[in-house]
Amino acid sequence: MELLDEPEEPPYYDYARGDKVLWVPDVKSTTINNTTNQYHHSTIDEEELTYKAKIVQVRSFERFDLLLRTGRVVKKVPYEQLRPRDVSDFVSTTTFMRR
Numbered sequence: 001m002e003l004l005d006e007p008e009e010p011p012y013y014d015y016a017r018g019d020k021v022l023w024v025p026d027v028k029s030t031t032i033n034n035t036t037n038q039y040h041h042s043t044i045d046e047e048e049l050t051y052k053a054k055i056v057q058v059r060s061f062e063r064f065d066l067l068l069r070t071g072r073v074v075k076k077v078p079y080e081q082l083r084p085r086d087v088s089d090f091v092s093t094t095t096f097m098r099r
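When we follow the UniProt record's numbering, the leftmost residue of the sequence shown carries the number 1, and every step to the right adds one.
Any given hint could turn out to be false.
[What the hints assert, rightly or not] Below are the DSSO-like pairs computed for lysine-lysine, each with C-alpha atoms no more than 27 Å apart in a straight line:
1. K76 with K52
2. K52 with K20
3. K20 with K75
4. K75 with K54
5. K54 with K76
6. K20 with K76
7. K20 with K54
8. K52 with K75
If you're looking for bench data, these hints aren't it; they were derived computationally from the structure. All of these numbers come straight from a predicted model, not from anything done at the bench.
Construct all of the structure, not just a fragment, from the sequences and the given hints.
Below, the structure is given as structure tokens:
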């Protein structure tokens with residue numbers, strides 16, 4: 001009898017206001033009517049766009065308002081599109097519970 005490998009769960013990061021994160025927007029969820037989006041769809045199909053951002057507000061349902069370096073505020077960004085800039089700054093709840 002052989003045991004199957006358990007799929008590794010990605011760590012859960014507890015983001016708070018003021019945290020610096022990387023935002024990886026989902027290209028498929030953006031509107032295609034915009035000419036810049038059409039350009040990106042045609043030339044950059046496999047590449048992910050990444051923006052440095054800072055969390056300015058934590059909303060309910062794991063949504064966040066982000067302040068980009070350009071000064072633009074992006075509202076209601078889902079948790080799945082965020083990555084920590086420095087993983088050591090964030091404590092995963094799964095790691096925290098094991099200690």
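Within a Cα-Cα threshold of 27 Å, do K20 and K54 meet the stated pairing?
Cα-Cα ~4 Å, so holds.
### Message
Just to be careful, I want the Cα atoms of K20 and K75 compared with a cutoff of 27 Å; is the pair within it?
### Response
holds, 16 Å
### Query
Holds or violated: K76 with K52, Cα cutoff 27 Å?
Holds, at roughly 16 Å.
Checklist entry - Hey, K20 versus K76, does the alpha-carbon distance stay inside 27 Å? => result Satisfied, since the Cα-Cα distance of roughly 16 Å is no more than 27 Å.
Report task. Please work out if K54 and K76 have their alpha carbons no farther apart than 27 Å. Result -> holds, 13 Å
**Prompt:** Does the structure keep K52 and K20 at a Cα separation of 27 Å or less?
**Reply:** Since the Cα atoms of K52 and K20 sit roughly 7 Å apart, the hinted pair holds (cutoff 27 Å).
K75 paired with K54 [C-alpha distance capped at 27 Å] | Holds: K75 and K54 sit about 12 Å apart, inside 27 Å.
Worksheet item: Given the proposed pairing of K52 with K75, does the C-alpha separation stay at or below 27 Å?
Response: Given pair K52, K75 holds - Cα atoms ~15 Å apart, limit 27 Å.
Comparing the model with each numbered hint stated earlier shows that all of them hold.
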